[in-house]
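Sequences and hints are given; from them, build the entire structure.
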Amino acid sequence: MRDSTQSQGSRDPRRERLDAAKRARLEEAGRLEEAGRLEEAGRLDGERVWQLLEAVADPEIPVLSVLDLGIVRYVRWVPSGEGLDRLHVGITPTYSGCPATEVIRQAIRRALDEGGFPDALIDEVLAPAWSSDWLTEGGRKKLASFGIAPPEHTVSDPRHILRAPAPVTCPRCGGRDTQRVSEFGSTPCKAHYRCTACLEPFDYFKCL
Amino acid sequence: MSSAQNSTHGAQSASVRSTSHIEEELRPALFQYLLRLGDTSLVLGQRLGEWVGHAPALEEDLGLANLSLDLIGQARLFLTYAGEIEGRGRDEDALAFLRDAPFFANLTLAEQPNGDFGRTIVRQYLLDAWQVELYEALQSSRDARLGSIAVKALKETRYHVHYSAGWLVRLGDGTAESRRRVLEALEDLWRFTDELFVADAVDERLARAGIAPALVDLKPRWSARIDATLREATLERPAPSPYPWYGKLGVHTEHLGHMLAEMQHLQRTYPEARW
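Each protein sequence line maps, in turn, to chains A and B. Residue numbering for the first sequence follows my numbering, starting at 1 and increasing by one per position. Residue numbering for the second sequence follows my numbering, starting at 1 and increasing by one per position.
With a cut-off of at most 25 angstroms between alpha-carbon atoms, the simulated SDA-like pairs for lysine to any residue come out as follows:
id : chain 1 : residue 1 : chain 2 : residue 2
1  : A       : K206      : B       : W51
2  : B       : K155      : A       : G70
3  : B       : K155      : A       : S156
4  : B       : K155      : B       : A207
No wet-lab data here; the hints were simulated from the structure.
As structure tokens, this is what we get:
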């Protein structure tokens with residue numbers, strides 16, 4: 001990994017690398033349109049990429065972005081073989097069998113392509129494994145207002161395995177008197193509950 | 001694997017994982033081992049998928065489908081890695097859809113037909129309990145890639161075993177009819193459990209190399225877990241039946257071929273068809 005502090009001057013080292021990539025591209029004949037897009041991309045930096053990702057929604061829980069879900073591990077430029085740096089976006093699958101994983105990957109791909117980063121690579125990062133602890137605070141609030149109860153405790157706390165699960169709060173009436181109907185719900189990440197106060201059924205985002 | 005298009009992203013998606021840290025001489029054994037894990041999850045996942053639309057209640061339909069999805073997702077991770085270790089250009093789809101039964105290395109128990117819901121639960125519980133112990137041990141594998149798959153799979157499998165154990169207790173300690181059915185299934189399926197702990201040269205090689213646990217070490221933990229659940233279900237562990245089933249060596253019961261005929265039909269009829 002290159003040490004970014006070695007960059008001279010006050011310029012953003014990431015910007016520097018993008019400029020290098022842009023210049024190399026521009027020199028390639030017959031690819032002016034692509035070069036133009038890259039020139040545009042060259043003016044953008046990491047924050048722009050994060051903004052693009054903020055707009056990528058989970059296909060099954062559309063109020064959540066991939067950032068709310070906590071599945072984006074990093075956005076960084078990595079030196080590539082040709083001496084240029086390439087943008088890498090690292091994502092972690094939630095559940096091994098979650099069908100949304102492929103759709104999310106395609107959506108991120110599309111966002112990067114359309115946002116001016118067609119050369120970006122998407123890395124699949126397995127370790128450390130994703131857990132519901134990685135849902136952001138904002139994501140939890142969005143879940144609750146969408147009618148899905150957010151996870152009630154943290155997975156990293158080993159006590160949760162030993163003690164009885166915390167009561168799940170009804171996302172509709174706020175009641176604590178709820179019952180689990182099924183350990184599985186409409187998607188791999190949810191269980192099925194009902195509230196005995198307002199009598200509404202609801203989804204609970206599993207603690208896993 | 002549910003769709004062939006998954007592999008088409010390969011060109012644009014880099015893998016941050018490499019296979020170079022595994023010594024050349026260990027690779028054939030590791031390839032076989034990964035096939036065993038991947039095929040066991042794949043075959044069991046495919047079996048559970050047969051329940052979709054047929055389970056006794058909507059909740060159980062969803063439950064079994066969710067288990068199936070997790071298992072097929074885990075199979076994808078194992079088989080993708082197996083293909084990379086083999087180094088002959090076979091991806092998860094080639095391994096899943098273009099191998100015949102003698103080349104499948106799943107445990108024989110996984111391929112047994114669903115039967116009724118009780119029988120499916122017995123098969124599920126016996127394998128869930130085994131996978132929990134195995135993945136726990138694999139977390140500290142010297143092979144970091146295998147270890148990271150195990151960490152991920154373990155979280156899901158713990159959820160599975162909670163579900164299948166819960167149903168085994170409800171059915172065993174339920175009505176006379178539910179009890180009769182799970183007892184029958186337990187007596188019938190028990191003969192396939194020996195294979196879970198019989199080590200061959202592949203298992204021993206990887207155990208010596210610190211990549212996989214010694215299967216014999218898993219047995220006491222698995223047995224203790226099984227006994228505790230059976231006690232709660234007011235059932236008894238059947239007598240040992242040391243009959244050698246070697247699904248993991250490619251010797252299968254007749255059921256696997258029928259299952260694969262359906263599972264592989266599309267790819268066999270329209271080779272390289274894409275979603």
